[in-house]
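Undergrad: As a plain string of letters, each chain reads:
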Amino acid sequence: MKVYLLCLGLFCIGLYCILRKRNIIKIILGFIIAEYAVNLFFILAAYRMEGRSPIFAPDAKIVNMVDALPQALVLTAIAIGLANVALLISIALRIYDKYGTFDITKIRELRG
Amino acid sequence: MKLFVDIIPLFVAVPMAGAFLIALVARKIKWLPALITNIITIGLVFVSFFAVKLINIHKVLVYDVGAWKPPMGIGMVLDGFTVFMLTTVNLAAFFVAIYSINYVERFTSKWKFYTLFLFMIAGANGVVITGDIFNLFVFLEIASIASCSLIAFGTEKHDLEAAFKYAVMSGVGSLFILLSIVLLYSYTSTLNMADISNVLAQKDPNNIILMISALLIMGFGLKAGLVPFHGCLPDAYTSAPAPVSAMLAGAITKSLGLYAIFRIFYNVIGMNQALSSIFMFFGALSMIVGVILAIGQWDFKRLLAYHSISQMGYIVMGIGLGTPLGILGGLFHLFNHSVFKTLLFLNSGSIEYATGKRDLQKMGGLSEQMPVTSGTCLAASMAISGIPPFNGFWSKFIIIIAAVQAGRYGYAFLAVLASILTLASFTKVMKYAFFGKLKDGANSVKEAPFLIKLSMTSLAVICITGGILLAPGVYEHFLKEAVDVILEGTKYSSVVLQAVLK
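Chains as they are written, first to last, in my numbering: chain A, 1 to 112; chain B, 1001 to 1502.
No wet-lab data here; the hints were simulated from the structure.
Careful: at least some of the hints might be erroneous.
Some residues of chain B that are not near chain A, with every Cβ distance over 10 Å (derived) [to be verified]:
| # | residue |
| --- | --- |
| 1 | Ala1152 |
| 2 | Lys1157 |
| 3 | Ile1209 |
| 4 | Ser1276 |
| 5 | Lys1428 |
| 6 | Ser1458 |
| 7 | Leu1470 |
| 8 | Lys1491 |
Looking from chain A toward chain B, a few residues come up when the C-beta cut is under 8 Å (computed) [as the list claims (entries may be wrong)]:
| # | residue |
| --- | --- |
| 9 | Ile27 |
| 10 | Ile32 |
| 11 | Phe42 |
| 12 | Ile95 |
| 13 | Phe102 |
Ideal placement from N, C-alpha and C gives every residue a C-beta, glycine not left out.
Bound conformation, chain B alone (with noise of 0.2 Å):
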C-alpha cells in the first residue's frame, strides 16, 4: 500500500540538495547550474504528474518525516489539492527554468540565480505537502527570502528599493502568521494540521478563532498580495528580472498565500457564511482596484503586476463562493492565471531582451520583427481577457456562473466588468507594443534566442488547449480530486488521521 509514499519528500529535498549542489560547484564548471536545475524542473513536473496519478488511486498518502507517526511528528500530506498545487507551481517552474538559460546571461553571477532559484522552488513545494503548521511557515520563509534576494538580483537603484518594500511588507506578513500560530498552538497544543482541526471541533466556538482568523487574512493576505495589502507587489514585480516576476506571479503567491489561505480556513478551521463574504467581498475588491488601476499603466510589467491582482481576485472569488462549482472555476482560474502570468511576464522579459525598453509607448510594431513574441503574447492576451476556447474563458465563465447559481448577481456583474476592463487593457498592450508603426531605431531588433521561443510557445499551447482539463475523462483525474478535497471541509481531519495509521 504504502510502496511510492517516499515520492513525497523529494519534492522538497530534491530542489533543495541541487541548490545546494550548485553553491558547492558553480565557481569550477561555468555549465553546470543551469544543467543542474532544468534536470531538477523537468524531474520534478514528472514526479508531479506521477502523483497525480498515485493520488487517483490512493487519494490521501502521508509521509511520516524521521519515522515519528504525525500528530506527533511532523506528516507530509499528499492529497487532491496538494498534487494539484504542485503540478501547477512546477510546471510554472519548469518552463521559467528553460527560460533563464539565456535570459540569465546578462547577470555576472548566474549560478547565486539558479541557487536562489531552487530554494524558492523548495520554500512553494514545501508549504504545499506538509501537514504541519509550524512546518508551513518555515517553508513558507525560506520562499519569501529566497524571494526577495531575487528581486534585489539586479541590484539597480529600483530592484533594491522594491526589494526593500516587498521584504518589509513580507516580514510583517509572517509575523502575523506566526502570531497566529502561536495563538493556534497555545489554543489547541497541538501543531499538525488535522489534528489542530480535529480538537477545534471538539470545543465551542470562541472569539480567539475569530482573532486567529482575523490575523491569518492579514497575513496570507500580504503574502498573496489581496488588494488593501498589495503596496509592495507591483513595485516588486516591475523591478524583479523577468523570470523571477513570472515566478513571483505564477506560483509563489499562489502556493504562498493563496493555498495556505484556503487549505487552513477550508479543512483546518471551518468555513462558515461570515468567512465566504469575507472572502467574496476582498476578492471583489481586488478584481475591480486592480483592474482599474492596470488600465492607465504604460510600463508593461507593471500593467501585468495590477491584472495579476486583479485575476488573484477572481481566484478569491471562485473559491470564497463555497459552492462546488465557485471552487472548481477557482481553481481551475488558479491553473490558468498560472500558465498565462507567467507567459505575459516572459514575454515581457524576452521585449526587454530585445529592446530593452519596458515603456510601451516607446515600444510600436514589433510583430514583424518578434514573431514569435508577439503570437504567443497574443494568446496569453486572448487567455486572460476571457475570449473563447482559451482556457481563461472557460474559467471565468464557470466562476460568474457559479456566482449566478448562488444568487450573488452583483458579483457575478463586477466579474463580468473586470473580464471587459481586462480585455480593454490588453488590447492597448498589443496596439502599442505590436502593431502600428515601427519606432525608429528598432529595426536592428532582432527575436529572442531559441530557450526563449521555446518556452513562450510551449506555455501559448497550453494555454489554447488548457479548456481540456474540463472534459470527461481528464476532469476527473485532477480538478475533481483538488474541489473534493476543498469541499470536505473539515473531515479533512479524520481522512489524514486515518491515512496516517495505514
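So here's chain A without its partners, still in its complex pose (with noise of 0.2 Å):
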C-alpha cells in the first residue's frame, strides 16, 4: 500500500511543477515526472508478491507470475510520452528562439 501512495505522491510532485512553476523547462520536468508516475503505477499494479517474470517454460508454473500485459502497455505509454516531451521540447525550443526567455510570465501575450 505504501508503495501505491509514493507514486501517487510522486504525480502530485509533477502536477505541482506543472502548475506552479515558471520555467518552461521545469512544467516539461513536471509532466516527464507526473507520466514517470503513472508508468510506475502501471507496472506496481501489475506485480504479485514474490513473482517472477512472466516467462512460460515447460516446466514452469503459472502461479507465481506477475501480470505480463501492464508491461507491454507501459512500453507503448512510454513511446507515447516520448512522443509527447519529444514535441514539447521542440515547441520550447521555438519559443526561446522568438522570446528570448523561458519564464511563462514573460510569455504572455494570449489571454485565455
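Hints are included, so try docking the two chains, each in its own frame, into the full complex.
TA: Here it is in C-alpha cells:
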C-alpha cells in the first residue's frame, strides 16, 4: 500500500511542477515526472507478491507469475510519452527563439 | 454475414497509410499531397455512408484485429453511435480538406500540413471505432499530438505559445485518462470495453468506480474543453490556421472528448442519477460561461472559440439528461455544431485570407466585396443562434423540450438564455464584419478562390437542409441508431460479445 501512495505522491509532485513553476523547462520536467509516476503505477499494479518474470517454460508453473500485459502496455505508454515530451521540447526551443526567455510570465501575449 | 466487416479497419488504415505515403513522395512531386488527402477524405466519407447502410442491416459488427478474438485481442466495433460519429468527423474533414488546397498556399512546407492532417483524422477515427480501452488511449494520443503540432504550424509567437499551453493541458488530460485506465484494468483484469462492462456488472458498486469516474471526467473534460477545464482552448483556436481550428472544433474535441466520455459512461460503466446531474451541471456551466465570455470578444476567431465551448455545453446537457429525447437532441446538436462551427471557422479563415485581419472592429462592409463568405456566414450565424428552419434550431429546440419534459425547468431556461445571447453576439459579428461602411483600403479586397467558396457553400447548404435528418424515413437510418446505442446502456457488452461470436 505504501508503495502506491509513494507513486501517488510522485504524481502530485509532477502536477505541482506543471501548475506552479514559471520556467517552461521545469514545466516539461514536471510533466515527465507525472508521466513516470503513472507508468510506475501501471507496473506496480501488475506486480504479484514474490512473483517471477512472466516467461513460460515447460516445467514452470503459472501461479507465481507477475501480470505480463501491463508490461507490454507500459512500453507503448512510454513511447507515446516520449513523443509528447519531444513535441513539448521542440515547441519550447522555438519559443526561446522567438521570445528569448523561458519564463512563462513574460510569454503572456494571449489571454485564455 | 461477415461480408463487409473488412471495411472497419479502413477508417484508420487508409489515412495513416496516406500520411506515410505523403511523407515519402512529397519532396519529388509537389502537387501530390493535396490530391492524396482529398481522395482519401472523399473516400472516407463514402465509406462512412456505406457503414451507415451496413449498420441498418446488421446493427453491430466487430472486426478482430490480427484475427485474435475479443476479449483477448483488440476488437474494432462498428455500431450506431460509431457510424454517427464517423460520418460527422469525416464530413468535416472532407470539407476542410477541400478548403485547405487554397488556404495552405501561404505556408512553406505544405506536405507536412497534409501529413499531420491525415494523422489527426486517423486518430479521431480510431478513437471512435476501437472497442479496446487502451487502444482508445493510443489513438487519442495520435490525434492530440498531431493537433498540437498543427496548432504550432505557423511557428509565429502566438502559435507557439498556444500550442505549448494546449500540449501541456492535453498531456495532463491524457495522464488522467491513462491513470483511470490503469485503475480500471487492475479492478477488472480486462481491457476490452464490452468485457469491462460485463465484469463491472458482476461486482458490487465500489468506491474505486467513483475515483475512476472522477479521473475520466477530468481527463476527457480537458480534451473536450468543458468549462472548468477550458483554459487552453480559446488560445489554440485563435492561433491555429483556420482549417485546423475548424477541424479541432468540428471533429477532434467531439470524438476525443464527447464521444469517449459518453461511450464510457453510458455503455461501459453505466449511467446513474448522480452522474447525470454532474453532466447537466457541467453542460449548463459551459453553456452560460462560454457565451458570456464570447459576447465581449472582438477577435473573430476567439469569439467563435468561446461559442464552441458554449455549444459543447448544449451537447453535454442534452446527452446528460439521459431521456431518449434529450439524447436525440444532444446527438443532433453534435452533428449540427460540427457543420456550422466548421463553416464559421472557415469563414473567419476566408476573411483572414482576403484581408489579413481577425479584429472585428477593423473589418466592415465586406458583404459587397465577399458575397459568398458573407452569405455563408449569415447562414451559419443563423444556424448557431437557433433560427428556424436552420439545423441549429431543431436540435436546440429538442434539447429545450427534453429539459422541460424531464422537469428541469431551470436548465431549460438557461438553454433559452444562452441561445438569445448567442444571437446577440452573432448579430454583432454580422454588423461589424459584413454590413456597414467599407473601411479605408478595403476596396481592393477580393473574394476567396473557387475551392474555398465551394467548401463554404456546401457546408451552408447542409446548415439549411440539416433539419431533414429528423424527417421520418431518414431519422430511423441515422440518428435513431445512435440514440438506441446510448439508450441500451450497459447491454452494450452482451450485444458486442454476441457479435464477436457470429
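Undergrad: Next step is simple, just say for each hint if it's right about the structure.
TA: We went through each hint and held it up to the structure:
The beta carbon of Ala1152 of chain B is not kept farther than 10 Å from every beta carbon of chain A, the shortest such distance being approximately 6 Å. Distance to chain A contradicts Lys1157 of chain B as a non-interface residue, since its nearest Cβ pair spans about 5 Å, not more than 10 Å. No Cβ of chain A comes within 10 Å of the Cβ of Ile1209 of chain B; the nearest lies about 16 Å off, and the non-interface call holds. Once the 10 Å rule is applied to beta carbons, Ser1276 of chain B is consistent with being away from chain A; the minimum gap is 29 Å.
Listed as outside the interface, Lys1428 of chain B is consistent with that label: its C-beta sits roughly 20 Å from the nearest C-beta of chain A, beyond the 10 Å cut-off. Consistency note on Ser1458 of chain B: stated as away from chain A, and its beta-carbon is indeed over 10 Å from all of that chain's, at 32 Å minimum. Against chain A, the non-interface label of Leu1470 of chain B holds: every CB pair exceeds 10 Å, the least being about 37 Å. No Cβ of chain A approaches the Cβ of Lys1491 of chain B within 10 Å, the least distance being about 27 Å, so the stated non-interface status holds.
Using the Cβ-Cβ criterion of 8 Å, the hint placing Ile27 of chain A at the interface with chain B is satisfied: the shortest such distance is roughly 6 Å. Using the Cβ-Cβ criterion of 8 Å, the hint placing Ile32 of chain A at the interface with chain B is not satisfied: the shortest such distance is roughly 10 Å. A least Cβ separation of about 5 Å between Phe42 of chain A and chain B falls short of the 8 Å threshold, and the interface hint therefore holds. With 8 Å as the threshold, the beta carbon of Ile95 of chain A comes within range of chain B, its nearest partner Cβ sitting at about 5 Å, so the hint holds.
Hint status for Phe102 of chain A: violated, given a least beta-carbon distance of 11 Å to chain B, over 8 Å.
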